[in-house]
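**Student:** The lines below spell out each chain.
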Amino acid sequence: MRPALLPLLALAALTAATDGHAAGNAEQGEKLTYTCTGCHGVAGYKNAYPNYSVPKIGGQSETYLVNALSAYKIGDRKHPTMAAQAQSLSEQDIADIAAYLSSVK
Amino acid sequence: MRIIHFTLACATLLAAGNGQAVTADSGAGQQASAVCAACHGPDGSRPIDANTPMIGGQYVDYLVKVLQDYRSGARVNVVMNGQAANLTDQDIANLAAWFSSQNSPLKDLRDSDD
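Top line first, the protein sequences correspond to chains P and A. Here the first sequence stands for residues 30 to 134, where the numbers follow our numbering. Here the second sequence stands for residues -10 to 103, where the numbers follow our numbering.
Be careful, since some hints might not be right.
Claimed, not checked - Which chain A residues stay away from chain P? Per the calculated CB distances, all over 12 Å, these:
#	residue
1	13
2	20
3	23
4	26
5	44
6	49
7	63
8	80
9	94
Stated by the list, open to error - Sample of chain P residues at the chain A side, in silico, Cβ under 8 Å:
#	residue
10	56
11	104
12	133
Think of the hints as simulated: they come from the structure by calculation, not from any bench. Even for Gly, the Cβ is constructed at its ideal location relative to N, Cα and C.
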């Protein structure tokens, strides 16, 4: 391999690493979801004002969960409790949580 | 009996306040669900990609809330805002009734603790 190719490969690897979402670690995600169970772990638990059931998120599509948490984090999706939760999460946390939740059987 | 009538009237009013004054028709919801199935899968539980949520087996009142928010624009998604724009309250109730009654891998987190 010509040495000149190495920087190109390094650049490609860097681009791949920053392109899209970080890979999620389900094991780490499980630890982070302890707080989630306070509402999402109670069957039929109701959100107040307006009153509707807190959604089931176990088994949900992984990228959808990343998008939902990211949208709460930046305020594109509105919900006071979820905004507060998501603001404390890093991109890696969100990826880990989504990896775990989507794997719940 | 008078008390029961009063209670029923209150329940109806409360339901109306939640935007669910209509009586859901799951069969009509199934008929209207073909367009949803194109992305979410026939039972709402086999989406075409990981961007698309499972909606089968989700709580009925959450599905109603989501569709209302897409219809009003309170929640933004290019595809769903367009899909929900022309739905009536009756359509939303029907679709939510149909999809919520389908089998699905979706669950509350408590279910996975064992």
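**Student:** Need the list of violated hint numbers for this structure, in ascending order.
**Tutor:** Violated hints: 5, 6, 7, 9, 10 and 11; rest satisfied.
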